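Trainee: Sequence:
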Amino acid sequence: MLVLLPPSEGKATGGTGPALEVGGLSLPALTEAREAVLAELVELCAGDEEKAAEVLGLSPGLRGEVAKNAALRTSGTRPAGEIYTGVLYDALGLATLDAAARRRAEESLLVFSGLWGAVRVGDAIPSYRCSMGVKLPGLGALGAHWRRAMAGPLPEAADGRLVLDLRSAAYATAWKPKGGVAERTATVRVLQSRIVDGVEKRSVVSHFNKATKGRLVRELLTAGVSPSGPSELVGALRDLGYVVEGSAPRVKGGAWALDVVVTEL
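Read in UniProt numbering, the sequence shown has 174 at position 174, and its numbers run on one by one without any break.
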């Protein structure tokens, strides 16, 4: 199983590991594309702070992120699974997984990123600020940059595996599964169910969405479940106690769409 995750906007700081080694990250076929983004981002942030903040969409209170980016090549690193924080990652709780579940996480989780393209949770990276929606002056839109770079490496990483796609819309632009990979892909939407005047109402709520996605990934990892395809995933999630409604693709080469229905966290 290959699980595609979004990053978190907020990130942990204070890495004590060695300086970044781009060529040592997972998916080495992305090295050249990573170096291109890194070089332009560092140059941008080491120059005009106002311009850098505008390009990165930073509010006045986040101007410190510019200096952080300028020092990316020399800053201390941490495993990516420690860098990313927030609701989804709190619910996932990588640090509290047992050894077997942690090994499964390091092999199956892939976190998408405007700067790195995609990394595994064990990859050593510094804290940074660069969303997928950024348009760098030289490279242009990062979503388009990564679509070109990922056209080969991502299908290879997904070869023969179920792909559980939990990315937000912005990060889904960087790679869209196609063909046979798409047919083994399941996207997930989390719906909150409430009874209003005796009638069930369902809605998408961000906090429920992120927390539930983190929790269901944790439970799959802890249980050691490795479904071979979307229909098996539906069964596995139901066995874990989730209310899941699955829709097979209506056209050849499409992905499955799963709705996970929750009433509370």
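In short, the hints are calculated from the structure, not lab data. The structure displayed is predicted, hence computed values, not measured ones. Cβ atoms here follow ideal geometry from the backbone N, Cα and C, with glycine treated the same way. Be careful, since some hints might not be right.
Stated by the list, open to error - Below, computed lysine to any residue pairings styled on SDA-like, alpha-carbon distance capped at 25 Å: (1) Lys51 - Gly23; (2) Lys68 - Gly138; (3) Lys201 - Pro227; (4) Lys178 - Leu240; (5) Lys201 - Glu183.
Said to hold, decoys possible - Between beta-carbon pairs, the in silico distance windows are: (6) Leu62 - Glu264: 19 to 25 Å; (7) Val42 - Thr263: 27 to 33 Å; (8) Ala36 - Gly198: 55 to 61 Å; (9) Gly138 - Ile195: 51 to 57 Å.
Trainee: Hint by hint, note whether the structure agrees.
Mentor: Quick rundown of the hints versus the structure:
1. Lys51 - Gly23: violated, 29 Å
2. Lys68 - Gly138: holds, 20 Å
3. Lys201 - Pro227: Distance ~31 Å between lysine 201 and proline 227 Cα, so the pair is violated.
4. Lys178 - Leu240: violated, 29 Å
5. Lys201 - Glu183: violated, 30 Å
6. Leu62 - Glu264: 19 to 25 Å: Between leucine 62 and glutamate 264, where Cβ atoms are some 33 Å apart, the hint is violated.
7. Val42 - Thr263: 27 to 33 Å: About 47 Å separates the Cβ atoms of valine 42 and threonine 263, which means 27 to 33 Å is violated.
8. Ala36 - Gly198: 55 to 61 Å: holds, 57 Å
9. Gly138 - Ile195: 51 to 57 Å: For isoleucine 195 against glycine 138, whose Cβ atoms are near 53 Å apart, the range 51 to 57 Å holds.
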